[in-house]
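Q: Heads up: the sequence lines are chains A and B, in that order.
According to numbering that gives the first Met the number 0, the first sequence holds residues 0 to 475 in order.
According to numbering that gives the first Met the number 0, the second sequence holds residues 0 to 475 in order.
It is worth saying that the hints were derived from the structure and are not from the lab.
Keep in mind it's a predicted model, so treat the numbers as computed, not measured.
Any given hint could be a false lead.
Just so you know, same-sequence chains aren't split out, so a pair can sit in one copy or run between any two.
Unchecked claim - Simulated pairs of lysine-lysine, DSS-like, Cα-Cα distance not exceeding 25 angstroms:
hint, residue 1, residue 2
1, 195, 349
2, 195, 352
3, 437, 408
4, 435, 331
5, 435, 3
6, 119, 3
7, 219, 366
8, 299, 331
Number of protein chains: 2
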Amino acid sequence: MDEKLPTRAENYSEWYNQVILRSELADYAPVRGCMVVRPYGWSLWEAIQQSLDRRFKATGHVNAAFPLLIPMSFLEKEKEHVEGFSPELAVVTVGGGEKLEEPLVVRPTSETIIGSMYAKWVRSYRDLPILINQWGNVVRWEMRTRLFLRTLEFYWQEGHTAHATQEEAEAETRRILDIYTHFAINDAAVPIIPGKKSNAEKFAGADRSYTIEAMMGDTKALQAGTSHNLGQNFAKAFEIRFLDVNNEQQYAWTTSWGLSTRFIGAIIMTHGDDKGLVMPPRLAPIQAVIVPIFKTDAEKAEVMPVVDRLRQELKDIRIHVDDRTEVTPGFKFNDWELRGVPLRIEVGPKDVKNHTVTFARRDIPGKEGKTFVSQDQLSGRVKEMLDEIHTSLFEKARAFRDAHIHDPKDYAELQEVVKEGWAYSWWCGSAECENKVKEDTKATTRCIPLDQPGGTGRCIVCGQPAHEKVYFAKAY
Amino acid sequence: MDEKLPTRAENYSEWYNQVILRSELADYAPVRGCMVVRPYGWSLWEAIQQSLDRRFKATGHVNAAFPLLIPMSFLEKEKEHVEGFSPELAVVTVGGGEKLEEPLVVRPTSETIIGSMYAKWVRSYRDLPILINQWGNVVRWEMRTRLFLRTLEFYWQEGHTAHATQEEAEAETRRILDIYTHFAINDAAVPIIPGKKSNAEKFAGADRSYTIEAMMGDTKALQAGTSHNLGQNFAKAFEIRFLDVNNEQQYAWTTSWGLSTRFIGAIIMTHGDDKGLVMPPRLAPIQAVIVPIFKTDAEKAEVMPVVDRLRQELKDIRIHVDDRTEVTPGFKFNDWELRGVPLRIEVGPKDVKNHTVTFARRDIPGKEGKTFVSQDQLSGRVKEMLDEIHTSLFEKARAFRDAHIHDPKDYAELQEVVKEGWAYSWWCGSAECENKVKEDTKATTRCIPLDQPGGTGRCIVCGQPAHEKVYFAKAY
């Protein structure tokens, strides 16, 4: 804690790690590539969970729980799926002291085991749609890991739905993309771009994948949530069939979609600054911290009753009073700045005398972020200020993103701009052009945004006619 | 769904399985010994989670997440712990296509991995207490499995705390036992007996284990939640040490405590009857179901607007309107009885005319459970009725339990009464007497209740002086 945090300019990657460790969001586990999500990090995840879960339930989804362990043979039923996931599997070969006849994989995702249950449950069109979500943990044996961004085990929600028609499945896939978009913008203040993945970048086993893509503080892209239209691929692999209204057997149409603890990485790298975390107010585990300020016992006797009263008045927001006596107010200021609490409320003898408190905004450092507020208006002003900080964080992040999105005039310029930014360019849609960019620059297609300019252009790589624009960027 | 549910008297075990499958609480998974918790079952678990989580947080606990995979060597650090758990382990030996140097076990419980982190986090007495809980899944390789009661994978919360003194650790262990007791009685309407486990029955690695024990509808006992004082056993195994106020190195004192999806089994077997589930109102996924009743379109046009209005008025309870058109009201009645919805509200043309609704209580079948309630008083009456049903379920279960607890006069009578009930008897505390009962009758000591009669007696087995009374019973 004593050494200074590296700045983002000095070493972005080390800044990221140190912010997480020092703010106690997470810690390295004694198992390679695994993390411990500490209470401060987990309460952020709980806020994310509540925010999404409310939206899922409002659109008719229900939660359930499917097994962690999946027979290896299940994965093999969908060809692309097993090819995509088999290099990343953790395999249980021994149970209760005996070698298992069939190895079980620790789920890397649950399309297969859930597909097998839907096959059992679905008989008629009346059983559809099934709109189930699951909150849980999955394991993917990654070689290069980063806290929150890529860990062997991570936490997520995975939705799995089954429908009677292709149209309904596509509508569901898009509805979820809308929910992710709404959540990211309105609760996390993360300006994301919703779009479609290229064939090369789509989920193993999907017909079509959608994503929300965010730009991090180092201009790299981060895939922050995905929604997949699985077509009939899993329905055919697992025999999810139903009698339709005409009494004919049909295969169902399925979707899957997920958002994970990786999103915490997106929050850190969208809003964080050289002092540490900056929590978006609507998800912040602590929305405001009250720091009492006094030097003498007499001052303490003046200040603390006011602090206790204000704490009561603010009990419908997530409030914390830092009444530690072994550290100075200056230490506390740094500590809560590191942890990214959006609003600090200082109460000292002068405030008591003036019947005020002092607001200090996390997002605006120093004197400019300070205002004096009457104690009578406290509760209303705190809520307004939290909304103001939310909007301000979002606008700042959007401005940063837009300043780093370029429209290169030719392929040479594209190669330049993706070094520190994104290119938004016409693309013919061919895997060859996509691959060439990747090989030449390490940038990949991030998404074909839903919001297209219209018209046609020339592919930035090959010059052939192109109907869609795409974002190219280096990515986490 | 067509065949009749077996009665409890005919075949208790089959009644239990069929109730779960038909009410769609859970289903068998395609992996031996695993279950799928279906949406109806998971929403019951979510209600249990919220009920407990609120109590944990109100007493200063916070949630976090520790890894699923634990190095085998960690378990071996605590001798009793590894002996207790090693026969039940699922072991990952392959990761990312390669054989692992050290096998990883899928956590059967997390004392070891959490202990290793606490050793890293705790330096001084100022870092204590640590009061962390985790909601998650664990795997124990059981040979004989039952839905909810004993499955390879199950869901639970596991609390793990560390303290500076023995007294604080014991106080925490007891505080949690109080929370479990309060939850069981006040939210689940399950009359439990809180007490201490014998040495033979305590947790592998604990100094002392406490339990809440419940009696099921077949008079068998079910351990419904446990709280362990781990002494310094894990602190010594994992080097959880701190500098105390006198600047001296001390080992911490730790506790652990858990309540799992097994509790759903307790709810089913405490309240269920020959028609199916009976949900305790405060945890019921659906607290009241409105069934509109009409035969003609004209009647429908009268009834449905009233139903829609009443649904709005009841939106602060968990309400469901069964507006299916393809099934009859009689079918619906049976269906919701099977699923145990505490209160059915019927609205038919006569009700509309009289400005009333008809209440039908799940816990009192037939006409006696019916009352007519004015639509003007609906919301208040529904809440009162749910409270009334809660109390009634609790009293009924307590009366059943007390009627099946016996005070045998000698060992011969003890052997008789534990065939269909519990014996509450003096016990000298020796493992020999405990073992003799187990061998002769299959009954084990369930708990030494906190609430003792006082005084002394003679051990029901050996006749030696005894200072405590204990419950002997056959158990799940």
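Q: With identical chains treated as interchangeable, where does the CA-CA distance between residue 195 and residue 352 reach 25 angstroms or less: within a copy, between copies, both, or neither?
A: Neither, since 58 angstroms and 56 angstroms both go past 25 angstroms.
Q: Give the relationship of residue 437 and residue 408 under a CA distance limit of 25 angstroms: within one copy only, between copies only, both, or neither.
A: Only inside one copy: residue 437 and residue 408 sit 18 angstroms apart there, 84 angstroms across copies, limit 25 angstroms.
Q: Pop the pair residue 299 and residue 331 into one bin, within, between, both or neither, using alpha-carbon distances up to 25 angstroms.
A: within (17 angstroms within a copy, 65 angstroms between copies)
Q: How would you label the pair residue 119, residue 3 (within, between, both, or neither) given a Cα cut-off of 25 angstroms?
A: between (58 angstroms within a copy, 21 angstroms between copies)
Q: 25 angstroms Cα cut-off: does residue 435 pair with residue 3 within a copy, between copies, both or neither?
A: Classified as neither: same-chain Cα gap 42 angstroms, cross-chain 66 angstroms, threshold 25 angstroms.
Q: Go through the copies and call it for residue 435 and residue 331: within, between, both or neither, with a Cα cutoff of 25 angstroms.
A: Cα proximity of residue 435 and residue 331: none, with 51 angstroms in one copy and 62 angstroms across.
Q: When no copy is specified for residue 219 and residue 366, does a C-alpha distance of 25 angstroms or less occur within a copy, between copies, both, or neither?
A: Neither. Shortest intra-copy (32 angstroms) and inter-copy (69 angstroms) distances fail the 25 angstroms Cα cut-off.
Q: Can you tell me if residue 195 and residue 349 fall within 25 angstroms by alpha carbon in one copy, between copies, both or neither?
A: This pair counts as neither: shortest intra-copy Cα distance 56 angstroms, inter-copy 56 angstroms.
In this structure, the earlier hints numbered 1, 2, 4, 5, 7 are contradicted, and the remaining ones agree with it.
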